[in-house]
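Chemist: Each chain is listed here by its residues.
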Amino acid sequence: MDIFANLAHGFAVALSPINLLMCLIGALVGTLVGVLPGIGTIATVAMLLPITFGLPPVGALIMLAGIYYGAQYGGSTTSILVNIPGEATSVVTAIDGHQMAKQGRAGPALAIAAIGSFFAGCVATVLIAVLGAPLTKLALAFGPAEYFSLMVLGLIFAVVLAKGSVLKAIAMIVLGLLMSMVGSDIETGASRMAFNIPELADGLGFATVAMGVFGFAEIIRNLDAGAEMNRDLVQQKITGLMPTRKDLRDSAPAILRGTVLGSILGILPGGGAVIASFAAYTLEKKIAKNPSRFGRGAIEGVAAPESANNAAAQTSFIPLLTLGIPPNAVMALMVGAMTIHGIVPGPQVMQKQPDLVWGMIASMWIGNLMLIIINLPLVGIWVRLLRVPYRLMFPSIVIFCAIGIYSVNNAPVDVILAGVFGLVGYWLIKHDFEPAPLLLGMVLGPLMEENLRRALLISRGDWSVFLTRPLSAVLLAIAASLLILTVLPALRAKRDEVFTESEN
Amino acid sequence: MADTMGHSATATRNTSVALGFCLLAIAPQIFEFIWSIGTIFGWGAGRGPATVLISHATALVAGAPAVLIGSVGGETKKASSDVLLALIYSYPILAVAIVSLFMAIRSAQDYVGGVILMALALFALWASSDLQGMRGFSFGAGTAPRMFGGLLVALSAGIALTGLLTDGPAMAHYSWRGPLFVMASIVFFALAIRPLGLVVSAFVSFMIAAMGSHETRWLEAAIVGACLTLGCALLFPYVLGLPMPMFPRFLIQ
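Protein chains in written order, with full-length UniProt numbering: chain G, 1 to 504; chain L, 1 to 253.
Heads up, some of the hints might be wrong.
[Stated by the list, open to error] Here chain L is said to cover these stretches of chain G; the calculated rule only asks that three of the stretch's residues, wherever they fall, bring their Cβ under 8 Å from a Cβ of chain L: (1) 171–179; (2) 354–363; (3) 415–429.
[Said to hold, decoys possible] Among chain G residues calculated to face chain L with C-beta under 7 Å, some are: (4) A402; (5) R460; (6) G461.
[To be verified] So these bits of chain L aren't anywhere near chain G, every CB distance computed over 12 Å: (7) I26; (8) T58; (9) A97; (10) I98; (11) V99; (12) M103; (13) G149; (14) P248.
Keep in mind the hints are simulated off the structure, nothing from the lab.
Beta carbons are placed, not taken as given, at the ideal position from N, Cα and C, and that holds for glycine.
Using the sequences provided together with the hints, build the complete structure.
Modeler: Set out below in structure tokens:
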């Protein structure tokens, strides 16, 4: 019954006018970002971090959360109508969604995507509320050794779920860990790898690196490809928004499966919305009686990935709120937002800041409701926005990012650093290195080092502590077996299959 | 792609890769030299260009071998940071450069990527070489960076090896226009925001960034740039309350 009391409290918080407004703004900005290709969720959240300075912490986090799940909604709209996935999470939706649109069934496709997302959002909200308290209790049984092992597991998950070479993904994580060590050492205060540059004494700002690697690098890469993208807009007016009864019957099990799969993948560290949508699509194709329908406008191919990415976007808040460990890069930025407001994420947040946690959870449900109400009528406007040519959009994004970074610390050096990391990100893309594990490594770096040191200090330098403590041993064993499984050829082929889905 | 490329083409490619790595091997030294030129005009602190040039040259040519011989002889004299840079960073990369002259590179994308990553890791190892190591069983400031630095060296060597042993994509094509103008725009913004204020720097940066695409139409870009500048000038300082200079300093005074 605790849950209901908590949720009721959450709704009381979330329904206050200011928080409702924040939720609406977040959902709208998220949809906008989701619609526009060439600007991702990570860059947007990084860009808006400084804006949240002036807001109360609850409102700020509600808005940032809204951006994340709103983007999942928006991405589907353009995938279906224009065959341009605005977000990586909607890449697979484009396969069948756009086919449906070409067959004149854009309305039902959009509606099913929205209904699926809403259903998944509701389930995920309940899941967060239910799982929150027990996981928090579990977290209290965690010592430094367990925390370290858990983070190792999370990073290994990130490797397994990243696409491309396993070796490269691990290397990216380690590079991220190294980058997190720039600046003063937490324990001794010694300046590490800062070369006497005063701006580096505090370490590399996470928002700065994220903006460079995800914002600027993406822009430079898009310019490379040629700004003129093929935009075959579906010109006819969208009529008949309501799906038929058959559509509903076909998509209901797909939505359910997508929600379950997405929820699980969202909780797992290193997962997140992108992998969830890919996996859900693959699953649908595998279990379908007639797989050849996929790619030709199968409604399940829209329903499952859209539910999965929304479910995953929300359940990825669970590890953050209960264990204080961000499972993906967007959540890592949320840590940044929380720290700005003096909140240390972790098990104690649930007890000390019930307003924040439950308010945010309740706001997710409200936000999902808002999205389904707002978005379907606004589809026309979003599509019109897509006609803004990229040659005008990219300088605007550059300026916005630059002002955003500058205003974090009022430091011009940060802007230049972000630019440098933009070039680094461009280089990474060119050599097929994934930037997402790098960012995750950078976020988990300080936490990992701290817990590693503490664990070894408690055990008086005995490294076997990670294996003799049962919980920690189990976590490490899972991590090791996962890594071995990934390198095995059979599973590797499967994993590659999941990611090549979008190319055919 | 590999079969269309003739033998001589691969050979010249290898030489250029090796030359590139040689340059990479002394990149920090070159960077410090260029940086030190500024001290002539009184910008920044640090060693003068002449000292930088001489100390790095001696470290590269004579200092490091001397330490190597010395360590064989059982001498434990503390090496200077320049010598350490040569030892930890430059020599291994130079060795890789020589090796790549004689190797058939089957995937340039992996090989070059791996080596550059290795250079980064070695550089990090050098940068953390002056930090304290283990004290008893407690970590010093330098323990973790060295641990992860070493791990990254091993991993990147693995990536480079995959580039030698398995077939894969060649180097991707880099374009210069996008990166150049976007970077120029960012740097201009960073340098101009304090003295010139938001209005001027945002508009000029917008126009510089717009040069990054060959499709840009000037009138259109100028109009959008002006609107964006106006929007930012209202949004950031007034709506969001973030303190920011608006107009050039010399106009206000």
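Chemist: It remains to establish, for every hint, whether it holds in the given structure.
Modeler: Outcome of the hint check:
| no. | hint | verdict |
| --- | --- | --- |
| 1 | 171–179 | holds (count 5) |
| 2 | 354–363 | violated (count 0) |
| 3 | 415–429 | holds (count 8) |
| 4 | A402 | holds, 4 Å |
| 5 | R460 | holds, 5 Å |
| 6 | G461 | holds, 2 Å |
| 7 | I26 | holds, 17 Å |
| 8 | T58 | holds, 22 Å |
| 9 | A97 | holds, 18 Å |
| 10 | I98 | holds, 22 Å |
| 11 | V99 | holds, 19 Å |
| 12 | M103 | holds, 18 Å |
| 13 | G149 | violated, 6 Å |
| 14 | P248 | holds, 15 Å |
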